[in-house]
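**Q** Counting the sequence shown from 1 gives a position; our numbering is that position plus 2.
Please keep in mind that the hints were generated in silico from the structure rather than gathered at the bench. Honestly, I wouldn't trust all of these hints.
[Stated by the list, open to error] Just the calculated beta-carbon pair ranges, DEER-fashion: (1) 47 to 18: 27 to 33 Å; (2) 6 to 141: 18 to 24 Å; (3) 9 to 125: 34 to 40 Å; (4) 28 to 142: 39 to 45 Å; (5) 166 to 121: 21 to 27 Å; (6) 172 to 28: 20 to 26 Å; (7) 40 to 183: 23 to 29 Å; (8) 43 to 126: 30 to 36 Å; (9) 140 to 14: 15 to 21 Å; (10) 29 to 152: 29 to 35 Å; (11) 126 to 85: 19 to 25 Å.
Beta carbons are placed, not taken as given, at the ideal position from N, Cα and C, and that holds for glycine.
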Amino acid sequence: MGSPGAITGTVTSADGTRVVFDRRGAGPVIVLVHGASADRLALAEVARLLSPWFTAVTYERRGWAGLDREIEDLAAVIGATGGRAGVFGGSSGAVLALEATVRLPAIICLVLWEPPAPLATAAAVRRPALVLNSGRSPARTRRTGSALARAIPAAVHRVLPGQTPDVTPQALAPELLEFFTRHQ
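Please put together the full structure from these sequences, using the hints given.
**A** Put into structure tokens, the structure is as follows:
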């Protein structure tokens, strides 16, 4: 079942796996990639808040299929919803988004939330990026975000004061709106 107000669709990934996605709004495509312990509905409110300006897409990650398969799924979703997109990834979704940005030319810009991402991959990103951390995350998590932003040639790091790692849609959506508007 999709989120209220969204149009639910499916696309077939490279290996034949069916991937379910929800789409809402109109305009440039933004794909929101949830973390491992969530599903596509976890970002439905963020998608709703972005939908007056963007086509906001959430989709079901297949879980522990391996990074290559997950990148194929993301590529299929982008292909089915417009052919190019800005991508947001939260937590483990940030790792997927970062790796996919290096491999997929269809990703035009990138936002990472609370990324536990590998620095080696970061240096290969050649797109505008925003790395976000919560103000109430452990200091080492914020340091990781800062180091990641320094490793990506065209990245900025911001900390959202007062937010926890479970950022509210009302705090996250304005950050995404500002960044994606500037880089679409």
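**Q** Evaluate each hint against the coordinates.
**A** Consistency of the hints with the structure:
1. 47 to 18: 27 to 33 Å: holds (32 Å)
2. 6 to 141: 18 to 24 Å: Given about 39 Å between the Cβ atoms, the range is violated.
3. 9 to 125: 34 to 40 Å: holds (38 Å)
4. 28 to 142: 39 to 45 Å: holds (41 Å)
5. 166 to 121: 21 to 27 Å: holds (24 Å)
6. 172 to 28: 20 to 26 Å: holds (22 Å)
7. 40 to 183: 23 to 29 Å: About 25 Å separates the Cβ atoms of residue 40 and residue 183, which means 23 to 29 Å holds.
8. 43 to 126: 30 to 36 Å: At 32 Å between Cβs, range holds.
9. 140 to 14: 15 to 21 Å: violated (40 Å)
10. 29 to 152: 29 to 35 Å: Given a distance of about 31 Å, which is inside 29 to 35 Å, the answer is holds.
11. 126 to 85: 19 to 25 Å: holds (22 Å)
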